[in-house]
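Visitor: Sequence:
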Amino acid sequence: MNEEVLNKFNIQQFQQDLLSWYYQHKRDLPWRQDQDPYKIWVSEIMLQQTKVDTVIPYFYRFIDKFPTVYELAAADEQDVLKAWEGLGYYSRAKNLQTAVREVVASYGGVVPENPDELGSLKGIGPYTKGAILSIAYNQPEPAVDGNVMRVISRILKIEEDIAKVKTRNLIEANVREIISKDDPASFNQAIMDLGSSICTPKAPACMFCPIQEHCKGFEDGVQEELPIKTKAKKQKKIPYVVLLIRNEKNEYVIEQRQDKGLLADLWQFPMVPINEIGRKHIENWVFSEYGIKVKLKEHKGNLKHVFSHIIWELEIYEAETKSIATDDPRLRFVNLEEIGNYPFPVSHQKMMQYLSEQ
DNA sequence: AATCCGGGGGT
DNA sequence: ACCCCAGGATT
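full-length UniProt numbering puts the first sequence at residues 1 to 358.
Simulated from the structure, these hints should not be mistaken for lab results. Quantities reported herein were computed from a predicted structural model and do not represent experimental measurements. Careful, some of the hints might be misleading.
[Claimed, not checked] Computed cross-link-like contacts, EDC-like style, restricted to lysine to aspartate or glutamate with a CA-CA straight-line distance of at most 20 Å:
{"#": "1", "residue 1": "237", "residue 2": "313"}
{"#": "2", "residue 1": "229", "residue 2": "160"}
{"#": "3", "residue 1": "350", "residue 2": "328"}
{"#": "4", "residue 1": "39", "residue 2": "64"}
{"#": "5", "residue 1": "157", "residue 2": "4"}
{"#": "6", "residue 1": "39", "residue 2": "85"}
{"#": "7", "residue 1": "293", "residue 2": "255"}
{"#": "8", "residue 1": "39", "residue 2": "53"}
{"#": "9", "residue 1": "229", "residue 2": "172"}
{"#": "10", "residue 1": "65", "residue 2": "77"}
{"#": "11", "residue 1": "157", "residue 2": "219"}
{"#": "12", "residue 1": "295", "residue 2": "251"}
{"#": "13", "residue 1": "350", "residue 2": "219"}
{"#": "14", "residue 1": "260", "residue 2": "328"}
{"#": "15", "residue 1": "157", "residue 2": "17"}
{"#": "16", "residue 1": "8", "residue 2": "161"}
{"#": "17", "residue 1": "157", "residue 2": "224"}
{"#": "18", "residue 1": "39", "residue 2": "71"}
{"#": "19", "residue 1": "233", "residue 2": "161"}
{"#": "20", "residue 1": "322", "residue 2": "283"}
{"#": "21", "residue 1": "304", "residue 2": "315"}
{"#": "22", "residue 1": "280", "residue 2": "318"}
{"#": "23", "residue 1": "295", "residue 2": "255"}
{"#": "24", "residue 1": "94", "residue 2": "265"}
{"#": "25", "residue 1": "26", "residue 2": "276"}
{"#": "26", "residue 1": "231", "residue 2": "159"}
{"#": "27", "residue 1": "237", "residue 2": "177"}
{"#": "28", "residue 1": "297", "residue 2": "265"}
{"#": "29", "residue 1": "236", "residue 2": "313"}
{"#": "30", "residue 1": "51", "residue 2": "17"}
{"#": "31", "residue 1": "304", "residue 2": "276"}
{"#": "32", "residue 1": "166", "residue 2": "177"}
{"#": "33", "residue 1": "350", "residue 2": "337"}
{"#": "34", "residue 1": "295", "residue 2": "283"}
{"#": "35", "residue 1": "322", "residue 2": "289"}
{"#": "36", "residue 1": "260", "residue 2": "76"}
{"#": "37", "residue 1": "8", "residue 2": "283"}
{"#": "38", "residue 1": "82", "residue 2": "315"}
I would like the entire structure built from these sequences, with the hints used as guidance.
Guide: As C-alpha cells, this is what we get:
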C-alpha cells in the first residue's frame, strides 16, 4: 500500500531525529520515575482514552493506596472502584484487579515479560501489551494508540480509516519496521509526546517538528487532512426521574447497579425510567420495583449527563418514605456520613448538593 | 465489523 | 456542537 513511501524512508536518520528531540524535551511524568512494570501497567490502564493531566492525581493516589500487585490483589473491589471514582470506564479498574490477582496467583507476582502471557491478562489489549513490553522491559514492540495512529498516518501518508482495526494493524506493522531496537521505550513514548505537543489533531506545529523532513504528509501538504476517521454516531437520549428518598432518620436510599454493563457495581440514587412507565406511575413503580413506599416531594433540578454513546436526561426529585430498612439486596439506607464511602458516578455525585440535613 | 463503555477539555 | 483522549471487551 505505502511500501513506496516506506522504501524511501530513512529509518536510521528518523530514529536519531526523533530520539534526540525526545531526550531533550521529554515530559517528567510520575510513571516515568522508574521502570516498575506494575506502575507502568497502572498508568497505561488509566491513560486509556484519558488525558495525562486527568490521570496524574489519580495515579498518585492509586499507587499510594496500592503500591504493589500484592496490595491491589488483596484489596476489596469496592475500594478499588472508590479509588477509580470519576475516571470513567470502570471496567478498567475491575479488569486490572482481576489481572493483578492472576499475576500473583500464576506468575509469582511478577508481571509477565512473555507477550502471549501478558496479552492474555484481562484488560491488556494490543496497545497496553506493547506499552508494557517496550517501556518496562525494553522490547521492540509497537504500542499503537491514538497519538501513534495520527503521527504515523501523517508521516507515511496512510489514508485508511483509523477507526478500523485493520488500519491499526497496518500501522502496527509499519511501526515494527521503523521502531528503534536500541531504545524502544523512548521511541514509543517519543511518538506519543510528539503527538500530544507537536503533531496535534488540529493545527499541527509542523514548523517545530523534529521529523518534518521525514513526513510524507507534510511534503504533500495533506497533514491537516490526516488521519482519516469515520464519525461516531449521535448519542440516544434517555430520560429518567431520579429520587432522593429520605426517611425519618435522615437516611437516603442508595442502590448498587448491576455487576455488568454501564457503571457496573457503582452506587446511585434510584432512577425511574419514565419513557417506559410514564411519569404518572412513579410511586407505584418504585413500590413494585423496590418494595418501598415513597411520596414525591419537591423538584430539585435537572441534569444532563453525556456519555460516549447515550445521554441521560435527569429530573431530580426529593421523596419521603417511612421505611428504615429493606430486604432488597441492591439497596441501602445511608446517612450523609456513610454515603462518602461508596463509589458513585459523577452524574450522581453532582446530585449530592441537593441532599439536606433534617 | 460494529457496539458498548465515562468523563473531561479544547476548539 | 463536535472532536479527541497512552483502548479493550463483547456481540
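Visitor: With reference to the structure, classify each hint as holding or not holding.
Guide: Hint check:
| no. | hint | verdict |
| --- | --- | --- |
| 1 | 237 <-> 313 | holds (7 Å) |
| 2 | 229 <-> 160 | holds (8 Å) |
| 3 | 350 <-> 328 | violated (25 Å) |
| 4 | 39 <-> 64 | holds (11 Å) |
| 5 | 157 <-> 4 | holds (11 Å) |
| 6 | 39 <-> 85 | holds (19 Å) |
| 7 | 293 <-> 255 | holds (16 Å) |
| 8 | 39 <-> 53 | holds (17 Å) |
| 9 | 229 <-> 172 | holds (17 Å) |
| 10 | 65 <-> 77 | holds (13 Å) |
| 11 | 157 <-> 219 | holds (10 Å) |
| 12 | 295 <-> 251 | holds (15 Å) |
| 13 | 350 <-> 219 | violated (49 Å) |
| 14 | 260 <-> 328 | holds (18 Å) |
| 15 | 157 <-> 17 | holds (19 Å) |
| 16 | 8 <-> 161 | violated (23 Å) |
| 17 | 157 <-> 224 | holds (11 Å) |
| 18 | 39 <-> 71 | holds (13 Å) |
| 19 | 233 <-> 161 | holds (16 Å) |
| 20 | 322 <-> 283 | holds (14 Å) |
| 21 | 304 <-> 315 | holds (9 Å) |
| 22 | 280 <-> 318 | holds (16 Å) |
| 23 | 295 <-> 255 | holds (18 Å) |
| 24 | 94 <-> 265 | holds (10 Å) |
| 25 | 26 <-> 276 | violated (53 Å) |
| 26 | 231 <-> 159 | holds (15 Å) |
| 27 | 237 <-> 177 | violated (45 Å) |
| 28 | 297 <-> 265 | violated (28 Å) |
| 29 | 236 <-> 313 | holds (10 Å) |
| 30 | 51 <-> 17 | violated (26 Å) |
| 31 | 304 <-> 276 | holds (19 Å) |
| 32 | 166 <-> 177 | holds (17 Å) |
| 33 | 350 <-> 337 | holds (16 Å) |
| 34 | 295 <-> 283 | holds (7 Å) |
| 35 | 322 <-> 289 | holds (17 Å) |
| 36 | 260 <-> 76 | holds (18 Å) |
| 37 | 8 <-> 283 | violated (71 Å) |
| 38 | 82 <-> 315 | violated (25 Å) |
Violated hints, in rising order: 3, 13, 16, 25, 27, 28, 30, 37 and 38; the structure is consistent with all others.
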